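Line by line, the protein sequences are chains U and L. Okay, so the first sequence: first residue is 1 according to this note's numbering, each after it adds one. Okay, so the second sequence: first residue is 1 according to this note's numbering, each after it adds one.
Rather than coming from a laboratory, the hints here were simulated on the basis of the structure. Misleading hints may appear alongside valid ones.
One copy or two, either will do: identical chains are not told apart, so a pair holds if it fits within one copy or between any two.
Below are the BS3-like pairs computed for lysine-lysine, each with C-alpha atoms no more than 25 angstroms apart in a straight line [unchecked claim]:
1) K278 x K246
2) K246 x K49
3) K49 x K78
4) K278 x K314
5) K193 x K78
6) K69 x K314
7) K69 x K115
8) K115 x K49
9) K278 x K115
10) K115 x K193
11) K49 x K193
From a predicted model like this one, the values you see are computed outputs, not experimental measurements.
2 protein chains.
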Amino acid sequence: MISVDAMGGDRGPSAVVAGLARSAAQNPRIRFILHGPEDELRRLVSSRKSLAGRVEIRHAPGVVTMSDKPSQAMRHGKDTSMWSAIESVRTGEAEVCVSCGNTGALMAIAMLRLKRLEGVNRPAIAIFWPSRGPAGFTVMLDVGADVRADERDLMQYALMGASYARNALGIERPRVGLMNVGTEENKGKPELKLAHELIAGVADEARFEFIGFVEGGDIPSGRVDVIVTDGFTGNVALKTAEGTAKLIRDFLREAFRATPLSRLAALMAYTSLRRLQKRIDPRQVNGGVFLGLNGTVVKSHGAADATAVAAAIKLAARLAESGFTRRLAARVASVGELGAAVQVGSAGMEQTS
Amino acid sequence: MISVDAMGGDRGPSAVVAGLARSAAQNPRIRFILHGPEDELRRLVSSRKSLAGRVEIRHAPGVVTMSDKPSQAMRHGKDTSMWSAIESVRTGEAEVCVSCGNTGALMAIAMLRLKRLEGVNRPAIAIFWPSRGPAGFTVMLDVGADVRADERDLMQYALMGASYARNALGIERPRVGLMNVGTEENKGKPELKLAHELIAGVADEARFEFIGFVEGGDIPSGRVDVIVTDGFTGNVALKTAEGTAKLIRDFLREAFRATPLSRLAALMAYTSLRRLQKRIDPRQVNGGVFLGLNGTVVKSHGAADATAVAAAIKLAARLAESGFTRRLAARVASVGELGAAVQVGSAGMEQTS
């Protein structure tokens, strides 16, 4: 069962319901609880055959808008579709919640209602990044849940990211890297050395391979499956990559429009260019996942259309079916004590060496 | 006069001399001091007509390699071409130095011999970033001279970056932005608020427009001319953008190779694709500049070929002709006291508000 917030996206509930219909047609096992204004949703759902008998509508008249502050949403958001959608995960009716709404508000309500997993200090947002690797994607976290992360947070991001890559991408033993700059003497952040030690100490127990420091250029390289960094750095990297991709796309479009010959060439290469477009289309990898809470929340792009919503639902369904929330909690719990031991050990080493 | 380190690049001195020849043919005023093993350089230079009478060769038998540590280069590098090239700037024989060598070693030797500008705590490396702006580029700094920067450093980066954009890109009143994540409540790094205040306080005096916080996606957007950030974030952003551009280039190549029709299309679009390639070609914007020292150093890519070396020389010549080193020093000195005053003012405000 997937809990879906119908409201708060830039394209309104019709795009969300269209995405649901597409997912339902592709996956016969999937069922939804849909949150929002009942009358409007009933009308939208009834016009979609593939959704017949598979959507339970939960009335919630309020909407969290993109301009609402997280603190407002936490204090006054009880009647909203976003709150209601998260509530279905809290009560256990649904395994995973999907929303296209305001990221800050969604994280704030999710933190408030679902609470952090035992042993997790800072939840993180993980995303997929197109890459040359066999799975076609690299997982990166945190990309913006929190602007800072200490070595223990980064170690937990490694655990959570590895578990996520295993369940969402099917990578049995993910390769985990820690973002840094260069590996030369005098380069790199000194505080990342501690995180390096901690992550190396839990890798075996948590069944991932730690490949050490990686750089920004390694993100899409295919030599790493999970990249761990603080939310400030991760968010800057994500936005920079999106901006770069958009710039190149625009320049490419201009290049193909430049002359009659190039316009003809663009027509001839249409299928190939479409294939390229699909490989780097953010809609195909839509869904940042909040990790580290008692429940899994998939944040879809605010501008998501039916294709993008369907991609987020597909991810949510995969995580629900694999029992991801429970597996992640077990992983964090089992390694938590070990991580604490490693940390004590490293502090001791610092004093004696 | 431009001082050029002939050694240390991946393609050896022949690529450097080829770049010099190209620059000399384009710019009749330019003259060089070329540092490296005399016999080899004399042979390479004598085969280039455009260089006749315009290159003074300065013998330096040693080479700083890419794997040398900065500390080694500082202690044992006196006989190297890199050291000698910087020495020509220190003595005032040349206005600007260009090197394709090891970045860390180059920065270390430059710091040691040129010393920091009075009032500058951390020097920075500034680069050009392809953008939609009228100048075609955004300046970003620091991209890796130092992994950290406090609010005073960031304020100085704003001064130095604005001065650089004015002299290298001809932007009379550059728009300066401070890198952060989001502008929502609870988002962004708290310590950046202080930097925001300091930069806003010197903008008028330093003749730039401060547009406040910007995000990663703004780098190529054309709405900002100079982006200020710490060297860790800047380096991750730079490497991430390079990795993204390379991934898309590879995917594009694969897309065009997919079918006979797409291969034909690629041939037809050749000129347009070349134009695109040129717009995002890192060789055309080759040259990170070290700012904040008593002298200007242009760091060319290690893998630079003749085209890339010529681009770095062109930048160096422009900076030399505009008297950039002197102007930058004057700017930092004139605003230095004002900046200190603003800082005291803001500390006072914190206590009373």
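Here is what the structure says about each hint:
| no. | hint | verdict |
| --- | --- | --- |
| 1 | K278 x K246 | both (14 angstroms within a copy, 17 angstroms between copies) |
| 2 | K246 x K49 | neither (36 angstroms within a copy, 44 angstroms between copies) |
| 3 | K49 x K78 | neither (32 angstroms within a copy, 79 angstroms between copies) |
| 4 | K278 x K314 | within (17 angstroms within a copy, 39 angstroms between copies) |
| 5 | K193 x K78 | neither (43 angstroms within a copy, 32 angstroms between copies) |
| 6 | K69 x K314 | neither (29 angstroms within a copy, 49 angstroms between copies) |
| 7 | K69 x K115 | within (20 angstroms within a copy, 47 angstroms between copies) |
| 8 | K115 x K49 | neither (37 angstroms within a copy, 74 angstroms between copies) |
| 9 | K278 x K115 | neither (36 angstroms within a copy, 51 angstroms between copies) |
| 10 | K115 x K193 | neither (30 angstroms within a copy, 29 angstroms between copies) |
| 11 | K49 x K193 | neither (56 angstroms within a copy, 53 angstroms between copies) |
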